[in-house]
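> Here is what each chain is made of, one letter per residue.
2 protein chains.
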Amino acid sequence: MKLEKIIKNACEESISESRTGDTEDEIKFIQNYLKSARKIIVPSKNAVKLNIINRVLKEFGLQKAEQLHINTNAADLNRLPALSKAIMALDQCECDLIISRGRLGVPGSGSMLVMIDKKGRILTAATSPSHVVHKKEVKDAVSGEIVHALERIGLKRIK
Amino acid sequence: MKLEKIIKNACEESISESRTGDTEDEIKFIQNYLKSARKIIVPSKNAVKLNIINRVLKEFGLQKAEQLHINTNAADLNRLPALSKAIMALDQCECDLIISRGRLGVPGSGSMLVMIDKKGRILTAATSPSHVVHKKEVKDAVSGEIVHALERIGLKRIK
Numbered sequence: 062m063k064l065e066k067i068i069k070n071a072c073e074e075s076i077s078e079s080r081t082g083d084t085e086d087e088i089k090f091i092q093n094y095l096k097s098a099r100k101i102i103v104p105s106k107n108a109v110k111l112n113i114i115n116r117v118l119k120e121f122g123l124q125k126a127e128q129l130h131i132n133t134n135a136a137d138l139n140r141l142p143a144l145s146k147a148i149m150a151l152d153q154c155e156c157d158l159i160i161s162r163g164r165l166g167v168p169g170s171g172s173m174l175v176m177i178d179k180k181g182r183i184l185t186a187a188t189s190p191s192h193v194v195h196k197k198e199v200k201d202a203v204s205g206e207i208v209h210a211l212e213r214i215g216l217k218r219i220k
Numbered sequence: 062m063k064l065e066k067i068i069k070n071a072c073e074e075s076i077s078e079s080r081t082g083d084t085e086d087e088i089k090f091i092q093n094y095l096k097s098a099r100k101i102i103v104p105s106k107n108a109v110k111l112n113i114i115n116r117v118l119k120e121f122g123l124q125k126a127e128q129l130h131i132n133t134n135a136a137d138l139n140r141l142p143a144l145s146k147a148i149m150a151l152d153q154c155e156c157d158l159i160i161s162r163g164r165l166g167v168p169g170s171g172s173m174l175v176m177i178d179k180k181g182r183i184l185t186a187a188t189s190p191s192h193v194v195h196k197k198e199v200k201d202a203v204s205g206e207i208v209h210a211l212e213r214i215g216l217k218r219i220k
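So the protein sequences, as listed, match chains A and B. Mapped onto my numbering, the consecutive letters of the first sequence carry residue numbers 62 to 220. Mapped onto my numbering, the consecutive letters of the second sequence carry residue numbers 62 to 220.
Chain A with its partners taken away, still in its complex shape:
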């Protein structure tokens, strides 16, 4: 079943008040989408972040991501900076999946890592605290976020 059909069915369930939460088939679809994504994009000028993301993707048996060198500062002028950064990348390249990391909301709201599909639909995400709160190195924070984002949709490390 395609995602369009999954969304159509879920919308009909919500309208008729018969929806009881995510189904195994829906989660399986997201897992398979990630596993079969060939072109994965990370909009970031930071090679450290890309390397960490790629290390985790490899551990989960997923394709290596490519860096997209675009200026995403404007995303921070938006109410949803991390998601806006992902959408900016989506609008500037062809790809199957975008993994974007940025601010969650207002200044001080910490970071979010979000994964969107080729139409900009949110597949998974994870939040972590600001550096001021967690005091972790950026690579540890990014690693924690992407692992959480993958594990929460039922994916597991294969190595």
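Misleading hints may appear alongside valid ones.
Identical chains blur together in the list; that is why a pair holds if it fits in one copy or across any two.
[Unchecked claim] Result set (DSS-like, lysine-lysine): computed pairs, CA atoms no more than 27 Å apart in a straight line:
| # | residue 1 | residue 2 |
| --- | --- | --- |
| 1 | K196 | K66 |
| 2 | K69 | K89 |
| 3 | K106 | K196 |
| 4 | K96 | K106 |
| 5 | K200 | K125 |
| 6 | K106 | K69 |
| 7 | K96 | K196 |
| 8 | K197 | K96 |
| 9 | K66 | K96 |
| 10 | K197 | K217 |
| 11 | K197 | K89 |
| 12 | K69 | K196 |
| 13 | K89 | K196 |
| 14 | K217 | K200 |
| 15 | K196 | K63 |
| 16 | K89 | K66 |
| 17 | K63 | K179 |
| 18 | K119 | K180 |
By construction, these hints were calculated from the structure, which means they are not laboratory data. All values derive from a computational prediction rather than experimental measurement.
The hints should help you fit chain B onto chain A, whose structure is shown.
Same frame as chain A, now just chain B:
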């Protein structure tokens, strides 16, 4: 400093490429906003969720939340169901803070708990897996999300 001024400053830093991440003052503002919020709203018909949220709010020394009985099914027809549910509540009542829990993105993408201020700006959020993945009871899942959402902006349990 008001949030409008904080956002204005952060925007100017982003535009001039001088922004280096969240500052202590920005995080402190969010902490104080939550601590001083008098009217906190939870748009949900589920009393179990409200009770868990209130237990955690009390542990963190925050004001008790009130339930807003509105039909939020339409939020699931949107790309950002949890945030849309919060905005629906914002548009239908006067309050300082809204704590909303709903689906993160597409069907299967698990849940997100999000806190927005009286203008709809995102202060903090946390994601957790779908029930199908975590198998936790809803009260444990909600409890984990709200604790994470509060701790990631540096708030601590006071009892």
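> Now, for every hint given, state plainly whether the structure supports it.
Now for the hints, and whether the structure bears them out:
no., hint, result
1, K196 to K66, "between (43 Å within a copy, 26 Å between copies)"
2, K69 to K89, "within (17 Å within a copy, 42 Å between copies)"
3, K106 to K196, "within (22 Å within a copy, 38 Å between copies)"
4, K96 to K106, "within (25 Å within a copy, 37 Å between copies)"
5, K200 to K125, "within (17 Å within a copy, 37 Å between copies)"
6, K106 to K69, "between (37 Å within a copy, 24 Å between copies)"
7, K96 to K196, "between (32 Å within a copy, 23 Å between copies)"
8, K197 to K96, "between (29 Å within a copy, 26 Å between copies)"
9, K66 to K96, "within (20 Å within a copy, 44 Å between copies)"
10, K197 to K217, "both (24 Å within a copy, 18 Å between copies)"
11, K197 to K89, "between (33 Å within a copy, 19 Å between copies)"
12, K69 to K196, "between (43 Å within a copy, 26 Å between copies)"
13, K89 to K196, "between (35 Å within a copy, 16 Å between copies)"
14, K217 to K200, "both (20 Å within a copy, 25 Å between copies)"
15, K196 to K63, "between (42 Å within a copy, 26 Å between copies)"
16, K89 to K66, "within (14 Å within a copy, 44 Å between copies)"
17, K63 to K179, "within (13 Å within a copy, 38 Å between copies)"
18, K119 to K180, "within (24 Å within a copy, 41 Å between copies)"
Hint compliance for this structure: no hint is broken.
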